[in-house]
Amino acid sequence: MPLPSAHDVALAAERRAAARLLLAHPLVTSAGPHGDTFPLVRRHADWLAQRFQQVFGYRLLVEATYARLFKSGLGPGSGHRLERPSTGTPFTPRTYAYLALALSVLVTAPEQMLLSQLVADLRAAAVDAGIEITDTGRQAERRTLAAALRRLVDWGVLAETEGNVSAVAEEQAGEALLSVDREIARAVVAGPLAQSRDGADLVRRAADPGFGGPRTYVRRRLVETPVVHLDDLTDAEREWLRTRQRREAQAFSELLGLEAEIRAEGIALIDPDAELTDLHLPGTGTVAQAALLLVERLVDRLRPQEPGHPAIGGRLVIGVPVPEGLLPELLDELVDEYGRRSNWQRGHVEDRDGFLAAVLDLLVRMSLMAPAGPVRADGHGLPEGYEETVADGRSVADVSGARGPHRAAGWVLLAAAARYATTVAVTPRAAAQPSLPSQLSRSSADAVMEESPR
16 MPLPSAHDVA LAAERRAAAR LLLAHPLVTS AGPHGDTFPL VRRHADWLAQ
66 RFQQVFGYRL LVEATYARLF KSGLGPGSGH RLERPSTGTP FTPRTYAYLA
116 LALSVLVTAP EQMLLSQLVA DLRAAAVDAG IEITDTGRQA ERRTLAAALR
166 RLVDWGVLAE TEGNVSAVAE EQAGEALLSV DREIARAVVA GPLAQSRDGA
216 DLVRRAADPG FGGPRTYVRR RLVETPVVHL DDLTDAEREW LRTRQRREAQ
266 AFSELLGLEA EIRAEGIALI DPDAELTDLH LPGTGTVAQA ALLLVERLVD
316 RLRPQEPGHP AIGGRLVIGV PVPEGLLPEL LDELVDEYGR RSNWQRGHVE
366 DRDGFLAAVL DLLVRMSLMA PAGPVRADGH GLPEGYEETV ADGRSVADVS
416 GARGPHRAAG WVLLAAAARY ATTVAVTPRA AAQPSLPSQL SRSSADAVME
466 ESPR
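For the sequence shown, position 368 (counting from the first letter as 1) is numbered 383 according to the working numbering, and the numbering increases by one without interruption.
Don't read these hints as lab results, they were simulated from the structure. Certain hints may be false.
Unchecked claim - Ranges between beta-carbon positions, derived for each pair:
| # | residue 1 | residue 2 | range |
| --- | --- | --- | --- |
| 1 | E339 | D366 | 49 to 59 Å |
| 2 | H22 | Q210 | 42 to 52 Å |
| 3 | R316 | G145 | 19 to 29 Å |
| 4 | R259 | S211 | 23 to 33 Å |
This structure is a prediction, so every number in the text was calculated from the model and none was measured. For each residue, glycine too, the CB sits at the ideal point set by N, CA and C.
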């Protein structure tokens, strides 16, 4: 087999860079922060559109000034939330409501408008939609509205010609002149709004892989989540993955430069360049530090007894139930040991319930923990009419009870958390040297969760 030419290597590298950019940033504008790579997207637009459609069932729209990759959802509990850049605070339902109302106004707005007019039109749209908006004169409400408008500026839907949208959060609301890009405004929403009855129905419909079926859904899940445990998939999805996992690993390497780590409990795609993730563990900040320490202690205490591989008759263990009361107990220990000397945020240390909730939220998004309850393998969250059975009635890996008995409430520590266990490396005593103390070291593979693309 002949070696690829320098031209072929350069072409593949360009296409890979453009695909990685769109995967991490589904809306790219020529004037935005990734404008230097935007020409690559335009140059390879036809190839990228074909590949994203074939592999993930995603539609790609490339125009003169922007490119929009229309991704699809993954079902309940699998969304990627928006956050305020300055604080990292997640958008509240109210912020999303303001965002949706503003878009409904901007798709037909003039090319330029005053900030005060946009706010007035937004309030009128809320009345038409039957949405109750509290007094925008309240400080918290003004900041919420400003956060939604700031997101539209970041996306390129709005441009601050004079003044800025933050003026709406000021006590004496200032004025600003805004330029509107109606084309980008129309391209923001990706979900099937017209067909959906309500929000829950929209989430289910958006996750429908269509004609691609299990193949498309599994690929989406692999590339959009830190790790895919086997019971995150239906029988048909698990069977497809089992027969294709090596070829899919090669395909992801060529298309996106990702490496697959395949285990009995599931698969993770790793980005060696750590560019495609929106989550980091280990990470900086009080919540990330506490989450790492907490998951280490959980793994140490809750190691499963005699797990095995189902291919040789063993019992597959994907998760271990966390005993009631253990999580707050361990967090209290960590605060006592590390809180003061590590200068943890006072607000977290004083509000233990809120602190624990924030830590668990990060671990859930990292696929290291999950609330106890039904999973996709049980039929949870499937779109209507989705094919669940395996063709030809072939047997698949048994994942029933792989997370322990279902409980109405509680938490489960997932198999991927073992990557964050502390291991002991013992240096043997040298004949001519004094004995060395045992050293605590982290496995080189521990970064698998940190580097998984989102």
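Consistency of beta-carbon spacing, D366 to E339, with hint 49 to 59 Å: About 21 Å separates the Cβ atoms of E339 and D366, which means 49 to 59 Å is violated.
I want to verify a distance hint. Is the separation of the beta carbons of R316 and G145 within 19 to 29 Å? 50 Å Cβ-Cβ, so the 19 to 29 Å window is violated.
In this structure, is the beta-carbon distance linking H22 and Q210 contained in 42 to 52 Å? 45 Å Cβ-Cβ, so the 42 to 52 Å window holds.
Do the Cβ positions of R259 and S211 conform to the proposed distance bound of 23 to 33 Å?
At roughly 31 Å between Cβ atoms, S211 and R259 fall inside 23 to 33 Å, so the hint holds.
The structure shown violates the earlier hints numbered 1 and 3.
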